[in-house]
Each structure stands twice: as C-alpha cells, then as structure tokens.
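Chemist: Generate the whole structure from the sequences, applying the supplied hints.
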Amino acid sequence: MILVDAAPSNMDTAMFAPPTHKEVDLVSCQVCLDACAPSAVVSKICGRSCPALVCTSCLTEYIRVRTQSIPAGILAKLDCPICIRPVNLMRWKMRCPSTVVSAIETFTDHIQRACDVLCPSCHNPTDILPKHSTTVAPIKLVPSLAKHIPALRQLCHEYCCHRATLQELWTFVNATFPKHSNQLLQHMLPLIHDVERRATLFLRLMRAQPFIKSTCCGEDLCFNCKTSDHHHGVPCTAMYATTEDMGLCPSCNLTLVKGDGCDWITCYCHEGFNWQDALRCFRWSLVTQRQKKLALAMVIRPFVHSFRLRKVVLPQLVAQWKLKRFKPHVVRVVAYLKAQVLKTKMRRTVLPALTAKVVLMDIAKHTHAMQRVSAYLRWRMR
1 MILVDAAPSN
11 MDTAMFAPPT
21 HKEVDLVSCQ
31 VCLDACAPSA
41 VVSKICGRSC
51 PALVCTSCLT
61 EYIRVRTQSI
71 PAGILAKLDC
81 PICIRPVNLM
91 RWKMRCPSTV
101 VSAIETFTDH
111 IQRACDVLCP
121 SCHNPTDILP
131 KHSTTVAPIK
141 LVPSLAKHIP
151 ALRQLCHEYC
161 CHRATLQELW
171 TFVNATFPKH
181 SNQLLQHMLP
191 LIHDVERRAT
201 LFLRLMRAQP
211 FIKSTCCGED
221 LCFNCKTSDH
231 HHGVPCTAMY
241 ATTEDMGLCP
251 SCNLTLVKGD
261 GCDWITCYCH
271 EGFNWQDALR
281 CFRWSLVTQR
291 QKKLALAMVI
301 RPFVHSFRLR
311 KVVLPQLVAQ
321 WKLKRFKPHV
331 VRVVAYLKAQ
341 VLKTKMRRTV
351 LPALTAKVVL
361 MDIAKHTHAM
371 QRVSAYLRWR
381 MR
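So for the sequence shown, the UniProt record's numbering puts the first residue at 1; every next one is plus one.
The hints are simulated quantities; they were obtained by calculation from the structure and are not laboratory data.
Incorrect hints may appear among the rest.
[Stated by the list, open to error] Now the in silico label distances, taken between C-beta atoms and shown as ranges:
id, residue 1, residue 2, range
1, LYS311, ARG348, 34 to 42 Å
2, THR288, VAL257, 19 to 27 Å
3, LYS357, VAL330, 55 to 63 Å
4, GLU271, ALA37, 33 to 41 Å
5, LYS213, ALA151, 28 to 36 Å
6, THR171, LYS311, 45 to 53 Å
7, ALA175, HIS305, 42 to 50 Å
8, ILE82, HIS232, 43 to 51 Å
9, THR165, THR106, 23 to 31 Å
[What the hints assert, rightly or not] PhoX-like, lysine-lysine: derived pairs with alpha carbons at most 25 Å apart:
id, residue 1, residue 2
10, LYS44, LYS93
11, LYS140, LYS179
12, LYS338, LYS327
13, LYS213, LYS131
14, LYS258, LYS226
15, LYS324, LYS338
16, LYS147, LYS77
17, LYS338, LYS322
18, LYS77, LYS258
By construction, the Cβ of each residue, glycine as well, lies at the ideal position given by its N, Cα and C atoms.
Modeler: Structure (structure tokens):
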C-alpha cells in the first residue's frame with residue numbers, strides 16, 4: 001500500500017516569483033494614466049508576460065467595484081484588469097501590496113458566501129466550505145493507481161492556475177480513479193489555497209452528492225435545492241417553486257432570472273449562452289420521465305393515426321363503397337354459393353351416413369340367419 005499526498009496547495013503559490021521592477025523615476029498607470037512611483041504600481045498580474053501596469057489605488061478601486069457588482073452567493077473569478085484573464089487569488093496577494101490585499105480579502109469573503117447554507121434547525125447561515133489545511137490524512141492506493149498521482153498533481157496545479165478547466169479535472173479523476181474519485185476530491189479540497197478554486201471544486205462535488213449535514217446542528221439538508229432532509233428518490237427540480245422564467249448557466253449551474261435586454265447572457269462565471277436555449281433546457285429538465293413519454297406519444301400519435309387512416313381505414317371504406325354498387329349481384333352469388341355448399345355437404349356427409357344406416361338396418365333383419373351361418377362355419381372349422 002502506498003501513502004499518497006495529492007496536495008496541490010504548494011503548486012498554486014510556489015511557482016509565483018516576487019515582482020521585479022527596473023529602477024525608474026516614474027511609471028504611468030494604464031488605467032488612470034497618472035505617473036506613479038514604481039513601488040505604487042503592480043505589474044505582471046496574470047503572468048510573467050502580462051503587460052499590466054496599474055497603480056494600487058486603481059487596483060483597489062477595481063477590486064472594490066468587482067466585489068460590489070457580484071451578488072451575494074455568486075462564485076466569481078478576479079480577472080486581470082488589463083488582460084481580462086482569471087488570476088489565482090494567491091498570486092493576487094503575492095503581487096499586490098498590503099493596501100490591495102485587504103480588498104482581495106473582502107472579495108474572497110464575498111465569493112465564499114456561495115458555500116453558505118441556512119441551517120433548518122437554528123436558521124443561521126453556516127459556511128460548509130472545507131477550510132484550507134496543509135496536513136490531511138494520507139490516502140492508501142494500490143501501485144496501479146498511485147502511479148497516476150503525479151499527473152493528478154500536475155493537472156490540479158494547472159487547474160489552480162486557471163490553465164485547466166474544472167471539467168477536465170473532474171473527468172480525469174472519475175476516469176482514472178473510478179472507485180476512489182469521491183475520496184480523492186474530498187482529500188484535495190482542503191489542500192487548495194485559493195478560495196475561489198476550492199469553492200468551484202466543492203460546488204461541483206455538491207452537485208454530484210448534494211446531501212449534507214449542517215455544521216452547526218448536524219441537520220440533514222440538500223445543498224442544491226436548499227431544503228431540509230435528504231429527499232432520496234425525489235429530484236431537486238421537484239422541490240423548486242415557480243420556474244416559468246428561470247434558467248441555468250451551462251457552466252456553473254447557477255439559477256438565473258432574466259430582466260431586460262437581448263437573449264445573449266453572460267453569467268458571473270464569464271460563460272456566455274443564449275437565454276432561450278437555457279430556458280428550454282431548464283424547463284425540459286423539470287419534466288419527469290412519464291411526462292416525457294406522454295409528450296413523445298402526443299407527437300407520434302398523429303403520425304400513427306394518419307398512417308393507419310391511409311393504409312387501413314381508407315382502403316376498407318373504398319372497398320365497402322365499391323361493393324354497394326354490386327350488392328344485388330353479390331347477394332345472388334352468395335345465395336348460389338351457399339346452395340352449392342349445402343349440396344356438397346349433403347353429397348359428402350349426409351348421404352353416405354344415411355346409406356350406411358340403411359345397410360345396417362338391412363343387416364339387422366337377417367340377424368338369426370347370420371347367427372346360424374356363423375355357427376355352422378365354426379362347426380366346420382373344428
């Protein structure tokens with residue numbers, strides 16, 4: 001048995017080198033265009049090739065506006081303001097001075113509320129996102145599975161750096177470790193430093209296994225539909241209220257309601273989709289299997305009826321209509337055929353039976369004579 005540490009925590013921070021600035025007198029901010037001291041400008045936000053040069057005041061205001069524009073409970077990424085690329089929150093903190101780090105912490109606390117649930121017992125909101133930890137219980141895997149851990153560690157590093165999608169990580173874990181996928185994902189969660197990356201993976205895990213217990217009172221509840229108890233056998237869609245104008249983001253599975261504007265929607269996770277398509281998909285997801293079969297039957301039934309009308313009913317009606325013109329002749333033919341059938345029956349069945357009966361009656365008249373002849377023949381045969 002091999003002890004495996006799949007910790008991605010060092011990967012999403014260890015590769016980030018501290019910023020280096022050339023000694024220049026003043027640097028122009030790319031947002032406000034003010035000349036600032038090099039110590040007051042943040043560069044290379046999303047990577048070594050990032051051209052960003054933003055002063056701390058503009059960066060703080062950008063993060064503050066970004067935080068305020070995100071509704072509570074929505075999980076969103078913090079993009080580079082110049083390249084518009086998502087950046088690991090740990091890199092944000094390493095690249096920015098302490099004045100900006102406080103705004104990043106506020107953003108982190110705001111998006112972490114996406115993992116809050118309301119306890120059905122005490123009615124207090126509780127955060128169920130696993131906390132970051134550098135020490136977790138080791139996982140025991142057989143050598144045939146343990147050999148894939150380096151690839152998993154590398155993929156998790158790419159995921160934490162926003163170079164690999166959540167779906168790629170999820171597919172790899174479930175395909176490579178089919179019997180240990182849940183255990184591995186639970187093991188990986190506390191090892192991820194970035195709250196946004198950790199919460200994204202946690203929410204995906206909750207979509208697959210939504211039944212949890214509140215951390216405060218230990219009450220059963222469903223994370224997806226936010227209802228008490230574990231409704232085994234009942235889909236979460238059955239627990240929703242009105243769903244006439246609701247849709248789901250195909251990327252983060254967030255339930256949305258559209259206001260004004262065109263049908264092209266951009267979710268808070270930066271996923272763009274057509275609202276009418278999402279609306280149809282969401283409404284179709286609420287339909288039960290029996291309702292789907294009935295709907296399919298309603299679509300097919302007119303074609304079946306049309307086919308039967310064309311192939312069976314109409315030919316029978318046409319045949320009946322044509323026969324009406326020949327009804328007198330048909331009646332005579334039928335009467336003649338019946339008479340012929342009766343004659344044939346008389347000739348083949350009734351007459352032979354009648355003849356046999358007459359013969360038997362004739363034999364019965366000579367019974368005594370036949371007995372005498374039979375006795376004489378037996379005497380002669382002695």
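Chemist: Next step is simple, just say for each hint if it's right about the structure.
Modeler: Outcome of the hint check:
Under the hint 34 to 42 Å, the C-beta atoms of LYS311 and ARG348, about 41 Å apart, fit the expected range. Checked against the hint of 19 to 27 Å, the pair THR288 and VAL257 passes, with Cβ atoms roughly 23 Å apart. A hinted range of 55 to 63 Å for the beta carbons of LYS357 and VAL330 is inconsistent with their spacing of about 39 Å. Our hint of 33 to 41 Å for GLU271 and ALA37 holds, since their Cβ atoms are close to 39 Å apart.
Evaluation of the 28 to 36 Å hint for LYS213 and ALA151 yields a pass: the beta carbon distance comes to about 33 Å. Between THR171 and LYS311 the Cβ separation comes to about 49 Å, which falls inside the hinted range of 45 to 53 Å. Between ALA175 and HIS305, the C-beta spacing of about 47 Å keeps the proposed range 42 to 50 Å intact. At roughly 49 Å, the beta carbons of ILE82 and HIS232 sit within the given window of 43 to 51 Å.
Look at THR165 against THR106: about 27 Å separates their beta carbons, and that is inside 23 to 31 Å. A distance of roughly 13 Å separates the Cα atoms of LYS44 and LYS93; the hinted pair therefore holds under the 25 Å criterion. For the suggested pair LYS140 and LYS179, the alpha carbons sit about 13 Å apart, so the restraint of at most 25 Å is met. At most 25 Å may separate the alpha-carbon atoms for a hinted pair to count; LYS338 and LYS327 meet this at roughly 16 Å.
Restraint check for LYS213 and LYS131: satisfied, since their Cα atoms lie roughly 16 Å apart, inside the 25 Å limit. A distance of roughly 22 Å separates the Cα atoms of LYS258 and LYS226; the hinted pair therefore holds under the 25 Å criterion. Taking the CA atoms of LYS324 and LYS338, the gap is near 20 Å; set against the 25 Å cutoff, the hint holds. Distance restraint check for LYS147 and LYS77: the Cα-Cα separation of roughly 32 Å exceeds the 25 Å cut-off, and the hinted pair is therefore not satisfied.
Straight-line distance between C-alpha atoms of LYS338 and LYS322 comes to about 23 Å, which keeps the hinted pair within the 25 Å bound. Simply put, LYS77 and LYS258 have alpha-carbon atoms about 21 Å apart, close enough for the 25 Å limit, and the pair holds.
Checked against the numbered hints above, the structure violates hints 3, 16; every other hint is satisfied.
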